[in-house]
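Colleague: Protein sequences appear in the order of chains S and R. Residue 267 is where the first sequence ends in our numbering, and the numbering goes up by one at each step. Residue 267 is where the second sequence ends in our numbering, and the numbering goes up by one at each step.
Treat the hints with care, since some could be wrong.
Which copy is meant is left open, because identical chains are indistinguishable; a pair holds if it fits in one copy or across any two.
Said to hold, decoys possible - Computed list of lysine-lysine pairs in DSS-like fashion (alpha-carbon distance at most 30 Å, straight line):
(1) K48 <-> K198
(2) K225 <-> K48
(3) K125 <-> K194
(4) K62 <-> K48
(5) K48 <-> K195
(6) K195 <-> K125
(7) K198 <-> K225
(8) K125 <-> K223
(9) K223 <-> K194
(10) K223 <-> K143
(11) K198 <-> K143
(12) K48 <-> K223
(13) K62 <-> K143
(14) K62 <-> K223
(15) K198 <-> K147
(16) K125 <-> K61
(17) K223 <-> K198
(18) K62 <-> K225
(19) K225 <-> K194
(20) K147 <-> K62
(21) K61 <-> K198
In case anyone wonders, no lab produced these hints; they're calculated from the structure.
There are 2 protein chains.
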Amino acid sequence: MAIKDVIVLADLLGTNKKIAADIRAELERRGILATNLLSSPGAGKTSLLEQIAVRLRDTARMAVIEGDIETERDAERIRAKGVPAWQITTGGACHLEAKMIAKVLPQVPPDVEFLFIENVGNLVCPASYELGESLRIVLLSTPEGDDKPKKYPKAFTTSDVLVLTKADLLPHVPFDVEKVKAEALELNPRLRIFVVSAVTGQGVDELIAFLAGRRRELQAPHA
Amino acid sequence: MAIKDVIVLADLLGTNKKIAADIRAELERRGILATNLLSSPGAGKTSLLEQIAVRLRDTARMAVIEGDIETERDAERIRAKGVPAWQITTGGACHLEAKMIAKVLPQVPPDVEFLFIENVGNLVCPASYELGESLRIVLLSTPEGDDKPKKYPKAFTTSDVLVLTKADLLPHVPFDVEKVKAEALELNPRLRIFVVSAVTGQGVDELIAFLAGRRRELQAPHA
Chain S
45 MAIKDVIVLA DLLGTNKKIA ADIRAELERR GILATNLLSS PGAGKTSLLE
95 QIAVRLRDTA RMAVIEGDIE TERDAERIRA KGVPAWQITT GGACHLEAKM
145 IAKVLPQVPP DVEFLFIENV GNLVCPASYE LGESLRIVLL STPEGDDKPK
195 KYPKAFTTSD VLVLTKADLL PHVPFDVEKV KAEALELNPR LRIFVVSAVT
245 GQGVDELIAF LAGRRRELQA PHA
Chain R
45 MAIKDVIVLA DLLGTNKKIA ADIRAELERR GILATNLLSS PGAGKTSLLE
95 QIAVRLRDTA RMAVIEGDIE TERDAERIRA KGVPAWQITT GGACHLEAKM
145 IAKVLPQVPP DVEFLFIENV GNLVCPASYE LGESLRIVLL STPEGDDKPK
195 KYPKAFTTSD VLVLTKADLL PHVPFDVEKV KAEALELNPR LRIFVVSAVT
245 GQGVDELIAF LAGRRRELQA PHA
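Starting from the given sequences, assemble the full structure and let the hints guide the process.
Modeller: Now the structure itself:
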């Protein structure tokens with residue numbers, strides 16, 4: 045990359061970081077836990093959100109911002125669960141940026157407690173762009189293979205949580221859960237790791253309990 | 045994106061296209077069929093190349109250029125099959141560029157007939173960068189889901205071949221092969237589609253026969 049390109053990129057990232065900081069401050073002040081979900085295409089981000097929606101239905105208010113290159117498909121799946129969802133289509137861009145989130149925020153109802161932002165399916169680019177989230181989750185599905193953390197390190201080093209998805213497929217794919225846990229923790233010792241399945245429901249309640257705990261921590265300074 | 049960023053990007057893409065055209069001309073003159081493989085992380089690019097390596101062992105000479113953010117893992121897997129392989133690590137960049145290929149080319153032995161370039165695992169960015177390939181293959185694995193072509197259209201519209209991988213997992217995942225074929229062909233009617241499994245070997249011979257045919261077409265004009 046030429047020097048001029050590096051300067052332009054640094055400028056873009058710096059502007060993004062400032063907007064993200066503003067979003068984070070506003071959401072935390074409102075007591076909203078914003079979570080940014082990152083993964084490869086098809087790792088199960090939307091399916092996990094559907095599972096969370098069903099479980100939170102009677103106890104907490106959630107909302108979802110969906111990011112995709114094209115189509116309204118994911119937002120429609122979330123709305124079908126009775127959850128408000130806004131679709132951002134990037135029209136080619138490989139990741140969401142904070143300014144896209146800022147445009148949607150005025151539509152988020154004031155009583156929302158959990159705001160999930162599902163990024164474009166991409167294990168590389170989204171890791172470089174903060175969106176104002178208080179929590180970042182990287183998902184890795186068992187069919188993707190257990191060699192991924194070290195091949196795509198930034199998604200793992202910048203996240204707070206690793207969710208291993210599609211645990212129901214473990215009998216059919218070569219995937220060593222313990223190896224992945226060890227490799228991911230070597231990259232990032234503060235990672236919290238959950239093993240889930242959107243088919244059997246395994247691990248989803250534990251993840252929700254963790255998210256609820258993080259939301260309580262958000263509110264504690266204001267208590 | 046600001047105007048200055050658009051100009052810088054157009055400049056980068058234009059330079060890349062020129063280098064790619066030079067590479068393509070050289071490889072086609074040498075009778076080498078260069079294939080660029082694109083997919084999400086973990087869709088099975090390396091596993092497919094391992095299967096091709098085993099089958100071509102006694103009949104044709106192949107070589108592989110591996111692209112990854114980090115690690116030499118994929119090149120090591122290919123070398124273990126007795127095939128020359130060079131690893132390019134991009135150190136963060138989400139796709140290969142033609143100039144990276146140009147640097148490796150002098151090392152490719154003169155008797156190679158099939159050169160495979162395995163791009164960084166990413167269904168978005170690599171679609172915008174020609175590498176000098178004569179053939180582009182996009183892989184989609186069955187666990188990724190059958191909604192992907194329209195969500196990530198550019199990888200499908202710019203490819204010559206779609207390989208549906210992990211067919212062995214079809215009994216365990218919701219994936220409608222006919223729906224994907226129809227959607228992909230709607231985006232790109234000239235796509236050739238193969239359904240393969242690196243576990244059972246399904247479809248690999250048919251894909252190799254197609255590649256051999258394309259290589260013969262390359263040579264025809266010089267005959």
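Colleague: All hints, please: hold or fail.
Modeller: Now for the hints, and whether the structure bears them out:
1. In this assembly of identical chains, K48 and K198 lie within 30 Å of each other by CA distance both inside one copy and across copies; the values are 24 Å within and 27 Å between.
2. When the C-alpha separation of K225 and K48 is checked against a cutoff of 30 Å, the pair qualifies neither within a copy, at 39 Å, nor between copies, at 43 Å.
3. Taking the closest pair of Cα atoms, K125 and K194 come within 30 Å of each other only across two copies (23 Å); inside a single copy the shortest separation is 36 Å, beyond that limit.
4. Within a single copy, K62 and K48 get their C-alpha atoms as close as 21 Å, and across copies as close as 20 Å, so both meet the 30 Å cut-off.
5. Taking CA atoms no more than 30 Å apart as the test, K48 paired with K195 passes inside one copy only; the shortest distance there is 28 Å, against 32 Å between copies.
6. Taking the shortest alpha-carbon separations for K195 and K125, only the inter-copy value of 21 Å comes in at or below 30 Å, while the best intra-copy value is 35 Å.
7. Taking the shortest alpha-carbon separations for K198 and K225, only the intra-copy value of 16 Å comes in at or below 30 Å, while the best inter-copy value is 34 Å.
8. Taking CA atoms no more than 30 Å apart as the test, K125 paired with K223 passes between copies only; the shortest distance there is 24 Å, against 35 Å inside one copy.
9. In this assembly of identical chains, the alpha carbons of K223 and K194 lie at most 30 Å apart only when taken from the same copy (11 Å versus 34 Å across copies).
10. Proximity of K223 and K143 under a CA criterion of 30 Å is satisfied in neither setting, with 37 Å inside one chain copy and 35 Å between copies.
11. When the C-alpha separation of K198 and K143 is checked against a cutoff of 30 Å, the pair qualifies both within a copy, at 22 Å, and between copies, at 24 Å.
12. Taking CA atoms no more than 30 Å apart as the test, K48 paired with K223 passes in neither setting, with 41 Å inside one copy and 45 Å between copies.
13. When the C-alpha separation of K62 and K143 is checked against a cutoff of 30 Å, the pair qualifies only within one copy, where the shortest distance is 10 Å, while the shortest distance between copies is 34 Å.
14. For the identical chains of this complex, K62 and K223 are neighbours neither inside a copy (37 Å) nor across copies (43 Å), given an alpha-carbon limit of 30 Å.
15. Taking the shortest Cα distances, K198 and K147 sit within 30 Å of each other both inside one copy (27 Å) and across copies (26 Å).
16. For the identical chains of this complex, K125 and K61 are neighbours neither inside a copy (32 Å) nor across copies (45 Å), given an alpha-carbon limit of 30 Å.
17. Only within a single protomer do K223 and K198 lie at most 30 Å apart by alpha-carbon distance; the minimum there is 18 Å, versus 34 Å between protomers.
18. Taking the closest pair of Cα atoms, K62 and K225 never come within 30 Å of each other, the shortest separation being 33 Å inside a single copy and 43 Å across copies.
19. Only within a single protomer do K225 and K194 lie at most 30 Å apart by alpha-carbon distance; the minimum there is 12 Å, versus 33 Å between protomers.
20. Proximity of K147 and K62 under a CA criterion of 30 Å is satisfied intra-copy only: 15 Å inside one chain copy versus 38 Å between copies.
21. Taking the shortest Cα distances, K61 and K198 sit within 30 Å of each other both inside one copy (17 Å) and across copies (28 Å).
Checked against the numbered hints given earlier, the structure breaks hints 2, 10, 12, 14, 16, 18 and satisfies all the rest.
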